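Once you have looked at the hints, place chain B on chain A.
These protein sequences, in sequence, are chains A and B. Residues 441 to 808 in this note's numbering are what the first sequence lists, from first letter to last. Residues 500 to 775 in this note's numbering are what the second sequence lists, from first letter to last.
Everything labelled a hint here was simulated from the structure, so no lab data went into it. Since we're looking at a predicted model, the values are computed, not measured. Quick reminder that beta carbons are idealized off the backbone N, C-alpha and C, glycines included. Hints should not be assumed to be uniformly reliable.
To be verified - Which residues of chain A face chain B? A partial, calculated answer using Cβ under 8 Å: (1) Asp-523; (2) Phe-531; (3) Gly-533; (4) Arg-596; (5) Phe-600.
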Amino acid sequence: MPEGSTGARSGHALSLRNLSKVYGSLAAVDGVDLDVPRGSFLTLLGPSGSGKTTILMSIAGFVEPSGGSILLDDTDITRFPPDKRNFGMVFQGYALFPHMTVADNIWFPLKVRGVSKADASAKIKNALELVQMGHLAERYPSQLSGGQQQRVALARAIVFEPDLLLLDEPLSALDKKLRADLQWELKSLHQRLGTTFIYVTHDQEEALSMSDTIIILRDGKIEQQGVPGELYEKPATRFVADFLGKSNFLEGTVGEVKDGAFTYVCGGQPLVQAGAAKHTKMSGQVLIALRPEKIALTTERPAATNAVSGQITAFNYYGSAYHFQVKTEALGDLIATTPAWTCAIEPSIGNTIWLGWEPDASVVVRDR
Amino acid sequence: MKKDPRVVFGRCVVYGLAWTVLAFLVLPMIIVVPVSFTDQYYLSLPKEELSLQHYAAFFEKEIWLAATLDSVIVATFSTVMALLLGTLCAIGCWRLASNAAESVRTFMLTPIIVPTIVQALAMYRFWIDLGIMDTYFGLILAHTLIAIPYVVITVSASLANFDVRLEQASRNLGASTSQTIRWVILPSIVPGMLSGALFAFTISFDEIVVALFITSRNVYTLPKRIWDGIQDHLDPTIASIATMLIAVTLALLLTELWARQRRRARLTARIEAGEG
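Excised from the complex, chain A in its bound form (with noise of 0.2 Å):
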C-alpha cells in the first residue's frame, strides 16, 4: 500500500534523543528522552518556561536544537526545514492567512504541493464537513468566531495527511464551554484519523480529559510521564502532585513500619499511611500528598484511619461542589472538597468539623 494512505491511517511513531535547547547560559529543553507511539495522543503538559512549547517547535522545525536529535519512523529529520517535514500544526491564536477565504485558507497545503483547486475540491470539502465548517467555506477569517477559526485551523493542519499533526495550545483562547465541546471533538477527531497526535497545554484539565499519554515537563526536563489516571493517583513528586490537580502535603516524621503501611507523626498527630516510606530525608521526614476531594467532611468524630478536627476558615461554592479551608491544629490548613449535594457539614465560617481519610487515600512524594 502507499505511504500516504496508510501511513496516515496507522500513525508514525516520533522519538527524542537527548534533546536540548540553550538560550544563552539557560537551558530552555534539558536532554529530553521521549517516545511518541504510534497514533497515540500525547500531551506535553507543563507551566510556562518548562520547555513545552520549544519542544514542540523543534519537532515542528522551527527550532533548532542545540543537542540531540529528533526521529520519525527511526529517519533522524533534526536538521529537516519545516516544510520538508509533513506535520501539521495547530498553532495558538489560529495562524489563518486573514486575506484568504476558508476554502483558500485550506486548499494552501495542498496549492503548494501543486494539487490545483478542482482536484483539491473533494478533499477541501471533506476536511470541511470533519470539523463541521462546510457551510462557512467562503467566509473570511475575520468574519469567523474564534471556535469556528480553531475548526478550519485544524481542518488546514489534516487536509494534507500529515504524519503527525501537533497542537500549540490550541484551545487556550477560547471560553471555557467552548474549551470542554472541543476537548470531546478533538478526541473524537483523533480516534477517526488515526494521526499521531502531540498536544502542548499548561491546562492540567486538557491533558487529562484527552491524552493517551502525559509528559510533564519542568525547567526542560521530563518530570513525570504516564496515562492520565496513573499520574493523577500516584504523583511522582510534590511538583506533579500540585500542578496535576490540587493536594494537601503532610510533612511527617516515620515511625512504625509493618503490613505494607506505617506511621509517621505530623504536628504531633499521629497518621498512618500504606504503602512503603519512600523518599524519606536523613532525619526520617516523609512527604505526603493528599487530594482535598479524598477527605470525608463530617460533623462527629469518623471511624476512619486518620481523622483530625479544625475549623472552617473559608468556603466557596461551585453549584456541584463546595471547596473548604480547615484550619486544624496539628497540620495546618487543608482544603477539602465535597460534592454539593451530599455535603454532610454546615458550610459556615468557624464551624468545627472532622476530616478523615484512609491509609491508602493519600500518597508518599518526593520533594524535590
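Chain B in isolation, oriented as in the chain A frame:
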C-alpha cells in the same frame, strides 16, 4: 448643566488655534485656484473676467506637455525600482532580525538624513564620472536612491505588524521560502508597499534640487520647467498646473476613501448575510 466659562474659553482657544494652523496650511495652496483663472499675463487674481487661457496654454505649448511626460516617465520608473529594492531590503532585514539587519535598516535612512543639496552635489560629481549626466537613466537612478528609504520604512512598518506565526504556518504546511513570500508575506504587506510607492512617486514627481544639478537639456522635468517659468516671467500657466495637480490629488484621495468605504460596507454585508 452650566458650563464653566474657563472651559468654554479654553475650548475657544484650542479650536481657534487649530483652525488658524489649518488655514495657514491650506490657504496658500488654495490661492492658486483663482490665480489660475486670471485674464492677465502674469501671476495675479482675475481682474475683468475668468479665463481658461492658461489651461489652454498648458495643453497647447509643447514644452509643458514634454515636461509632464518627462516627470511621469522618471517618477514611474524610479517608483518601480524603489519599490522593488526597498521591499526586498525590508523583507531581508525582517527575516534576518539581527543587529546587522538593524544597522542596514538604519543605514538605508541616510538619504533622508543627508541634506538634499549635499546629495545633489555628490551625485553631480559622481554622475559625471559615470557618464550618465542629463540622461533619463541618471535621473531615475538618483530618484530611486532618494525614494528607497520611504519604501523601506513603510514596508518595515507593515512587516512589524505581520504575525510571524503566519510565516511559520505557511512553512509548516509545506510552502518553500519563495512560495511563502509570494503567497503569504507579500499579500499582507501590500498596503505598506502601496503607500511606499505613493511616497516614491510623489517624491520623484516633486523633486527639483537633484534634477537641477544632474540634468540640463535632454531631461526636463515639470518642477524644473515651473522653476524656469517663474524665473522668466511669472507665467500663470504654473497656477493652472498647480490647480490641476491639486485636483488629481483630491480625486485620488477621494477614490481611495470611496474604495475603502465600499470594502468595509461589503464586509459588513457579508457578515450580516452569514449570520442572518
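Hints and how they fare:
With a least beta-carbon distance of about 5 Å to chain B, the hint placing Asp-523 of chain A at the interface is held under the 8 Å criterion. A hinted interface residue such as Phe-531 of chain A counts as satisfied when its beta carbon comes closer than 8 Å to some beta carbon of chain B; here the least separation is about 5 Å, so the hint holds. The closest approach between the C-beta of Gly-533 of chain A and any C-beta of chain B is roughly 6 Å, which is under the 8 Å cut-off, so the hint is satisfied. Proximity of Arg-596 of chain A to chain B holds as hinted, the smallest CB-CB distance being about 7 Å (cut-off 8 Å).
A least Cβ separation of about 7 Å between Phe-600 of chain A and chain B falls short of the 8 Å threshold, and the interface hint therefore holds.
Comparing the model with each earlier hint shows no violations; every hint is respected.
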